[in-house]
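**Student:** With the hints as extra help, turn the sequences into a complete structure.
Read off the chains here:
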Amino acid sequence: MILAADISPAVPTILLDICLLTLLVVTAFAIVRMRSLFAIVMLQGVYSLVAAAWFVTLDAVDVAFTEAAVGAGISTVLMLSAMLLADRKSTPVPKTRQWGALAVVFIAGAAMLFAVPDLPAYGSADSPANAYVGTDYLAKTAVEVDIPNVVTAVLSSYRGYDTFGEVVVIFAAGLGVLLLLGLNGNAGRYRAEVRGQRLSERAAPTGVSARDGTVAEDPPVDTTPVQAGGRPSVTGLDT
Amino acid sequence: MRIPVKPKPAKGPVVPPAGSDPHVLLRVISKFLIPLIALFAFYVQFHGEYGPGGGFQAGVILAVSIILYALIFGLAEAKRAFPPWLVRLGMTLGVLLYGGTGVVAWLLGGEFLNYSVLFPDPIDGQHYGIIAIELGVLTTVTSVMVAFFYAFGSRQPDIEDGDW
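Protein chains in written order, with my numbering: chain A, 78 to 316; chain B, 733 to 896.
Hints are computed from structural coordinates only; laboratory data are not their basis. Be careful, since some hints might not be right.
[Claimed, not checked] Reference listing, derived: stretches of chain B covered by chain A, where coverage requires no fewer than 3 residues with Cβ under 8 Å from a Cβ of chain A:
#, segment
1, 762-772
2, 789-800
3, 813-826
4, 867-881
In this text the structure is predicted, and so the values were computed from the model without any measurement. Virtual Cβ for every residue (Gly too), placed ideally from N, Cα, C.
**Tutor:** What follows is the structure, given as structure tokens:
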């Protein structure tokens, strides 16, 4: 982003960029140092939101929109619901096992810094993104597809194969989760136990204990109508 | 870490005394907001040609409206509004709609996913092709996101208010 100063003389933009990137770094360090998974999930949402704001200053509104909707919105909810099946706190990693990770981080970071001078200047007309096929798309969209948003034309028409691949990936991910977990969670016959301990007595099947391996004849949960202030909320909104 | 187990509540529906529902504000406001969120999703979907957005973003926003409903009113209620069979159907139909558009273009003499051959006027073909595949993306993304939530949400322990 230091390169952006050469192109755009507007000082406030570069200040905004610096602020946003600083926030990103601070959030990343906070995530690394946290132990509470709940706080980490929330901070990841914050990270995505700040990243989305930064994408807006880079004029990449489509990417920003996706980041805000997917990164800050739905993945926070999905991480929260996944977290409830696991533990609420992460166990600290012993110091001896941290050196390897630190070495990987340093080598990867050094490699990236080494590559920085080769990056094209921000907004440069010669950059690979703006040269070659990109110019073709910009020139031909108005003639061939005739829609105002070039991004949509590229995504769904020129790069239709890629988008098809993405949809298939999402479908495969959904299929995998359904195969592993099932859409109805064993029809409510069993409830997850965190470290072998049932979190609440109410979660136990009313018929026979799930521990015996026998199955209650009637799935006992989720059949009673929701009471006001009852227990239907899944990710605990009362935090 | 031992999580204290709360005493078992009395059988039968627990009717809280009037005015004691701690979530009444959430319920009222989200009841107002959920249709607007869904409407915004469709705006993003059908306005994707003119502004930022498209099937992916619209699908996620539509799924968020359903997930918000599940969070506020309970998973069972959400499953009545958006039943699991619809989730299974939707995630498959979306991919089939996308791939099917490509196959139709194939049968009409063009390349796979070449929408220009779908209509006599190639520009019309592009427009309708894009609308078709974006609908496919919307259906798959919405269903898969809701499927994730149903899958995770259906098997977790009940969370007591105090556990948080």
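**Student:** If a hint holds in the structure, say so; if it does not, say that too.
**Tutor:** Verification of the supplied hints:
1. 762-772: With 0 residues in contact (Cβ-Cβ under 8 Å with chain A), the coverage given for the segment 762-772 of chain B is violated.
2. 789-800: holds (count 6)
3. 813-826: holds (count 6)
4. 867-881: n = 10 at 8 Å, threshold three: holds.
Hint 1 alone, counting from the list given before, is not met by this structure.
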